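Q: Chains as they are written, first to last, in the numbering used here: chain A, 285 to 399; chain B, 550 to 661.
Note that these hints are calculated values from the structure, not bench results. Remember, it's a predicted structure, so these values are computed and weren't measured experimentally. For glycine and all other residues, C-beta sits at the position ideal for the given N, C-alpha and C. All clues stand as given, with none of them false.
Below 25 Å or equal to it, Euclidean Cα-Cα: the simulated DSS-like pairs (lysine-lysine) are:
#, chain 1, residue 1, chain 2, residue 2
1, A, Lys325, B, Lys552
2, A, Lys328, B, Lys618
3, A, Lys299, A, Lys325
4, A, Lys338, A, Lys328
5, A, Lys328, B, Lys552
6, A, Lys362, A, Lys328
7, A, Lys328, A, Lys299
8, A, Lys325, A, Lys362
9, A, Lys362, A, Lys338
What follows is a set of in silico ranges between Cβ atoms, one per label pair, in the way DEER data are often shown:
#, chain 1, residue 1, chain 2, residue 2, range
10, B, Asn562, A, Leu350, 42 to 52 Å
11, B, Glu564, A, Asn347, 47 to 57 Å
12, A, Ala383, B, Lys618, 22 to 32 Å
13, B, Arg626, A, Gln380, 29 to 39 Å
14, A, Arg348, B, Ser602, 44 to 54 Å
15, B, Thr579, A, Asn347, 27 to 37 Å
16, A, Arg348, B, Lys552, 24 to 34 Å
17, A, Leu399, B, His568, 42 to 52 Å
18, A, Met323, B, His568, 30 to 40 Å
19, B, Asn557, A, Asn347, 30 to 40 Å
20, B, Asn562, A, Leu399, 34 to 44 Å
21, B, Asp616, A, Val322, 30 to 40 Å
What follows is the residue order along each chain.
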Amino acid sequence: EAGVTQFPSHSVIEKGQTVTLRCDPISGHDNLYWYRRVMGKEIKFLLHFVKESKQDESGMPNNRFLAERTGGTYSTLKVQPAELEDSGVYFCASSQALAGGDEQFFGPGTRLTVL
Amino acid sequence: DAKTTQPNSMESNEEEPVHLPCNHSTISGTDYIHWYRQLPSQGPEYVIHGLTSNVNNRMASLAIAEDRKSSTLILHRATLRDAAVYYCILYAGGTSYGKLTFGQGTILTVHP
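Can you make the complete structure from the sequences, with help from the hints?
A: Here's what the structure looks like:
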């Protein structure tokens with residue numbers, strides 16, 4: 285069974301440009317999460333989808349970030365316009381159930397560098 | 550979000566047991582204790598979880614204090630591949646299921 289995949293693995297863009305990150309969860313997983321780690325900081329939650337609906341987007345830093353999950357399958361996270369402080373590693377995770385024993389499966393991450 | 554406290558770093562020798570402690574004195578009755586680890590250049594990886602009773606799986610064991618205010622992740626025989634950052638996370642119960650709140654974790658170094 286394929287794990288969570290993320291594309292691209294690396295992205296280098298200039299300040300002010302737009303970048304779109306993609307996450308393909310494990311097939312059949314209704315729950316999809318985005319997290320990020322910026323330089324020197326802890327991994328932070330961004331948002332949680334249940335199928336195509338946003339369950340919790342309390343971690344989204346500002347309105348330059350837009351996440352979508354059309355059809356409840358893959359998800360995209362767009363940053364527009366990108367700022368220097370957006371540099372970091374963006375992780376996607378998915379899970380099947382939503383319970384106390386819920387195990388989240390993480391992708392390898394997308395390393396974003398904003399110059 | 551309930552917080553956990555872990556040592557910044559620990560060291561072990563290969564093939565020896567490792568006990569990684571975690572304090573969570575503000576844990577609520579519905580919080581599960583989850584452990585994840587992050588190997589270099591990879592995403593976090595689930596290790597184990599528990600609620601009240603000690604738990605064992607193929608990767609590790611989780612020992613939970615009777616008052617649930619602390620727990621210990623036990624790697625029975627550390628290997629070089631176990632070198633990683635280990636995160637102890639309280640997974641909130643009820644309608645809060647979903648987001649994981651990562652702290653700084655414990656950096657485990659395993660010596661050959």
